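Peer 1: Below are the chains, spelled out letter by letter.
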Amino acid sequence: MTVAQGRTSQLDVLESPEEHRRAQSARIILWTGAAAIALVVLGTLIVVLLHGLVPYERVVEGYLSTSTLVVLLGGLFLGALSIAWGFGVYRRMPTKRSREQAIAGAVLGIQAVVVGGFLLIFRTLGDPERFIFHFLNFEVLQGFGPGFLRGAMNTLLLAFVGEVGGIILGLLLAVLTLSKRRVVRAPARVYINFFRGTPLIWQLSAFHFGLSLGLGLNLNPFTSAIIVFILNTGAYASEVFRAGIQSIERGQMEAARSLGMSYPQAMRYAIVPQAVRRVIPPLLNEFVILIKDTSLIVVLGLLAENYDLYTQAREGYSSTANATFFTAAAIGYLVVTLPLIRAVNAVEKRLRSGLVTVTT
Amino acid sequence: MSAPLVRLEGVHKWFGDLHVLKGIDLEVQPREVVVVIGPSGSGKSTLLRCINLLEEPSQGRVWFEDTELTDVRTNLNEIRTNLGIVFQAYNLFPHKTAAANITMALRKVKGVSEEMAREAATQELRHVGLEHKANAYPGQLSGGQQQRVAIARALAMRPKVMLFDEVTSALDPELIQEVLDVMQALASEGMTMVTVTHEMGFARGVGTRLLFMDEGLVLEEGQPKEVFESPQHQRLQQFLNRVL
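Protein chains in written order, with the numbering used here: chain A, 1 to 360; chain B, 1 to 244.
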């Protein structure tokens, strides 16, 4: 056996001018693919924005303009070029790095061709005016700004209070489910399984229309919703905590107990502080889910001042028969959830690398 | 002879169908260094863990001084402060510094003041030669250092007996000696110890009594030197041939 002929990634040493030229061309393929997708997505967006967003006719104008056509065709050309070139030569690339660049350029080209092709076909064969009228008609949002802001605040308030209350309830339930005594575990399991086994929308309705009225509490729908979100999140958070606590090595409990600590002391000072760090990512995930699920309170028939983001959008849609409100709501949700999702990934990465040292 | 510190009487342990301890009787006198050797799976660790009831015997009784640990009315938490244990896997609390590992139980179990606990931590860390690592987290220490902190943590509770459960088995060879040195010093200070180990040099040099266990039974017992020089039981002879 001879020594492997391909070169490893650590040794990006190029021996001949020929190899050097190949590696150079890989970079060009990558940039071509990147330019293709940028042209298709950003180019179209810029052309449209330059034409203006309001009234919606300007958007239609921008989309149907010759500039957009040129941008899209250019993107398609560059995309096709990087596909053909990249897939044609990637096997002959001298280093792993240059091969990956060639492949990446070709893949970006595919993405540009798919998106650009769709935009081009829809432009000629579809009914862009109708679509833009319904989804990108930002004029209809006029006067709804304060309402949307209040809706966003209410959504965050519901999710935040629900999550915090749910975490406290969940930790308590988790400790109960970890008891060695079945009589302690059983009621906690019944509770958790009930709330995990019925739809949140059913819980909201049953609690508000059933319990609240049935018990003569006459709660405000918003209050009912907060209570149900806490009860529901508690069930999910308890499962997260339970898994987190169970993931702590058995030796930790043994070490604490052997020093004379009681079970509750060992839990409180040795086990739970470690488990809490491990459950931060899944709990943040739960929070993201809850932010979106707050929209279910639409079924409760809220007062206008208690509208959440989705209910506000729906209200706007009802009064104007225009779906642009949903587009606006999506932007509102994403503004909050995307940074959170990024935060989850960042925390997970740090926990995995084991670099976190939490001082208490 | 004085009253034994630790006494086991007819201790059996089953894990499901597995009969791990098949009737163990043991008395440990003050200042004794009992060393338990034997092939893996012989039940030595289980025996050790039955002494502070980390494992509950399926049958038989365990005493510490005059208190029966196997009596359900006994407050185990109180008794366990007298029975320090060190584990193979160190089991330090990774979210606490070396000093905080030591002060935690002092504060929460013995109700010692913050200041006194810190003083005790410093003293015990000095005892194992790691005073300068008081503020290091376990993840920043070598295996040998972690194990010495674990010993210091157990000693801080002022135990009357120390239990060592294969404390050098997880260590790189060059780190074993620093832990053995600490244990030897402890023995010479008069600490009562029960040690499960594969370190035959330690067993011979430091132990005052040697137990050989196999398949859940103590097969041979005596002065370490005598046992090593003239092993009676065939199983012990085979075992010594393999490890020496």
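Keep in mind that the hints were calculated from the coordinates and are not lab data.
Among these hints, one or two may not hold up.
Unchecked claim - With a cut-off of at most 30 Å between alpha-carbon atoms, the simulated DSBU-like pairs for lysine-lysine come out as follows:
no. : chain 1 : residue 1 : chain 2 : residue 2
1   : A       : Lys-96    : A       : Lys-292
2   : B       : Lys-108   : B       : Lys-22
3   : A       : Lys-349   : A       : Lys-292
4   : B       : Lys-22    : A       : Lys-180
5   : B       : Lys-22    : B       : Lys-225
6   : B       : Lys-110   : B       : Lys-160
7   : B       : Lys-22    : B       : Lys-160
8   : B       : Lys-225   : A       : Lys-96
9   : B       : Lys-225   : A       : Lys-180
Bear in mind that the values here come from a model prediction, so they are computed numbers and not experimental data.
Peer 1: Please go over all the hints and tell whether each is borne out by the structure.
Peer 2: Each hint tested on the structure:
Proximity of Lys-96 of chain A to Lys-292 of chain A is assessed by CA-CA distance (about 42 Å); at most 30 Å being required, the pair is judged violated. Of the pairs offered as hints, the one joining Lys-108 of chain B and Lys-22 of chain B is violated, with about 37 Å between alpha carbons and a cut-off of 30 Å exceeded. Annotation: proposed proximity of Lys-349 of chain A to Lys-292 of chain A holds, straight-line Cα distance about 24 Å (limit 30 Å). Proximity of Lys-22 of chain B to Lys-180 of chain A is assessed by CA-CA distance (about 27 Å); at most 30 Å being required, the pair is judged to hold.
Among the hinted pairs, Lys-22 of chain B with Lys-225 of chain B is consistent with the structure: their alpha-carbon atoms are about 26 Å apart, no more than 30 Å. Our distance criterion of 30 Å between C-alpha atoms is met by Lys-110 of chain B and Lys-160 of chain B, whose separation comes to about 15 Å. Restraint check: the Cα-Cα separation between Lys-22 of chain B and Lys-160 of chain B comes to about 27 Å, which is no more than 30 Å; the hinted pair holds. For the given pair, Lys-225 of chain B sits about 63 Å from Lys-96 of chain A by alpha-carbon distance, which is inconsistent with the 30 Å threshold.
Among the hinted pairs, Lys-225 of chain B with Lys-180 of chain A is inconsistent with the structure: their alpha-carbon atoms are about 46 Å apart, more than 30 Å.
Hint check: violations occur at hints 1, 2, 8 and 9; the rest are consistent with the structure.
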